[in-house]
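Student: With these hints in hand, go ahead and build the complete structure from the sequences.
From first to last, the protein sequence lines are chains A and B.
The opening position of the first sequence corresponds to residue 1 in my numbering, with each subsequent residue numbered one higher.
The opening position of the second sequence corresponds to residue 1001 in my numbering, with each subsequent residue numbered one higher.
One or more of the hints may lead you astray.
[Stated by the list, open to error] To give an idea of the chain B side of the interface with chain A (calculated C-beta under 7 Å), a few residues:
1) V1004
2) V1016
3) V1105
4) F1109
5) A1133
6) Q1137
7) L1138
8) R1153
[As the list claims (entries may be wrong)] Simulated DEER-style distance windows between Cβ atoms:
9) A/A95 with B/S1042: 28 to 38 Å
10) A/E218 with B/G1187: 40 to 50 Å
11) A/S269 with B/I1216: 53 to 63 Å
Since the hints were made in silico from the structure, they are not lab data.
Note that the structure is predicted; figures quoted are calculated from it, not measured.
Every residue, glycine too, gets a C-beta built ideally from N, C-alpha and C.
Protein chains: 2
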Amino acid sequence: MGRVLVNGIPVEQVSVMDRGLAYGDGLFESIRFVGAVAPLWSRHMQRLAEGCRRLQIPLPDASQLWAEALEVSRHLAHSVVRITVTRGQGERGYALPSRPQPSRVLAAFAPPALVDENLDRGLDLRICDLRLAEQPQLAGIKHLNRLEQVLARAEWCDPAIAEGILRDTRGLVISATMANLFARIDGELLTPAVDRCGVAGVARAELLAICPQARIGEMTLEALLRASEIFLSSSVRGILPVRSVGERTFQPGPSTRELQQHWRNLGFSREQAG
Amino acid sequence: MGRVLVNGIPVEQVSVMDRGLAYGDGLFESIRFVGAVAPLWSRHMQRLAEGCRRLQIPLPDASQLWAEALEVSRHLAHSVVRITVTRGQGERGYALPSRPQPSRVLAAFAPPALVDENLDRGLDLRICDLRLAEQPQLAGIKHLNRLEQVLARAEWCDPAIAEGILRDTRGLVISATMANLFARIDGELLTPAVDRCGVAGVARAELLAICPQARIGEMTLEALLRASEIFLSSSVRGILPVRSVGERTFQPGPSTRELQQHWRNLGFSREQAG
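Tutor: In structure tokens form, the structure reads like this:
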């Protein structure tokens, strides 16, 4: 871990009374920096604002977050800055504090190591048993209640398996455990809706903005398994081709390569990938 | 807040790297103490052990928790001791740490003030709009992912409304926001199942153990509204009669009074209620 600022102060602890710890009552963003540049900063701030609105948490000042993000990451040529915003300290009980004073925690990390072979040939995925619960009031935002992802990721420890596919209670494909998912099915580029469960990824939003032909919709597992190409999107890890889902194998396709090029053009060059 | 111990040390902070903060990756128990006596201690430890098993968190030593609970509460004649157990510190990412070192936080609080009138005449309840999502892998245990309860409790701020009724996505009654619910319907004492959502309360477990005639089953809102009596159970607040649910009014009934007496017999006398 690099530097940490808690409410602007260089400490590495939060109060045990913070509702982030007590109830997971908050939000986070993991933002890829290349030096002092964060190509997707404004999309992260947009999602954070939507999360604060939905959870009724006062929105921190974006320019203050930016200054603090630069401060914690300035000794790293490449970094991931995690911004955690909680409802702040509270007494016992779920009721909202009458005068909330949100906490903000900024911490810089070295980016995850990306193996060239994974970016070229693709990742091996499994299908997780855990089914995401349907909670429209929490779907899409990046809140701190992440036990479903923790349990899904705990389903395997084989390091050859890079990711797991998450389905909802109806069996529809939603995403991977820490990335969104796109697939070309019957000629159409499709990504699952995240309005009942799942996270509306910042990289997903970027891809949807530059691919007007991509469609948001329902994706069955059967449809996924007959896709002509599959890739994952992650604001931290970029565009990751999928080589296999369980027994079924895939080849990286033209959309994958085109969007990987777009990713590099944004400023996330391969050399910068950790 | 009274005293705090974090991993046995008298500090009031946890690391920002704690997975309890990062993902709500942990569990808690709120335990009512009368001096150095906690009548439901063993039931709390039983639920904590079940939660640790389900989340694959190493179980803390119960005798150490007991010693620390006495330590944080010893200056209070009456207290609620919150025990929080998290998976401990971790690097970025959902994958379980290879050598988890769970964190434990013990903090003592004054018990909530209970108004005599509420214990006598009963509480006024509303029906919450939020629907609990169905996640069998997290149902029943007292984990730290509590945004649903926070959002449900945020639906009202009228201090005359003491609690809200939570339903699942199918519309079935599950519980209140911070207590379990029992109702006598068609002569039968019924409490909703908590195997798809909701929390298996320690007070609920106590009541089920001493009321062999009580049944766990599905409860529609329509059935609840024609109950002859309704009460809430909370290990911290005891047995609370319900006086109204929205427009519909109720009288505390014989089961409510009998179980309030049982509660006092356990050692939670009314005078001790904060």
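Student: Give a verdict on every hint.
Tutor: Hints, one by one, checked against the model:
{"no.": "1", "hint": "V1004", "result": "holds (6 Å)"}
{"no.": "2", "hint": "V1016", "result": "holds (5 Å)"}
{"no.": "3", "hint": "V1105", "result": "holds (5 Å)"}
{"no.": "4", "hint": "F1109", "result": "holds (5 Å)"}
{"no.": "5", "hint": "A1133", "result": "holds (4 Å)"}
{"no.": "6", "hint": "Q1137", "result": "holds (6 Å)"}
{"no.": "7", "hint": "L1138", "result": "holds (6 Å)"}
{"no.": "8", "hint": "R1153", "result": "holds (4 Å)"}
{"no.": "9", "hint": "A/A95 with B/S1042: 28 to 38 Å", "result": "holds (30 Å)"}
{"no.": "10", "hint": "A/E218 with B/G1187: 40 to 50 Å", "result": "holds (45 Å)"}
{"no.": "11", "hint": "A/S269 with B/I1216: 53 to 63 Å", "result": "holds (58 Å)"}
Taken one by one, the earlier hints all hold for this structure without exception.
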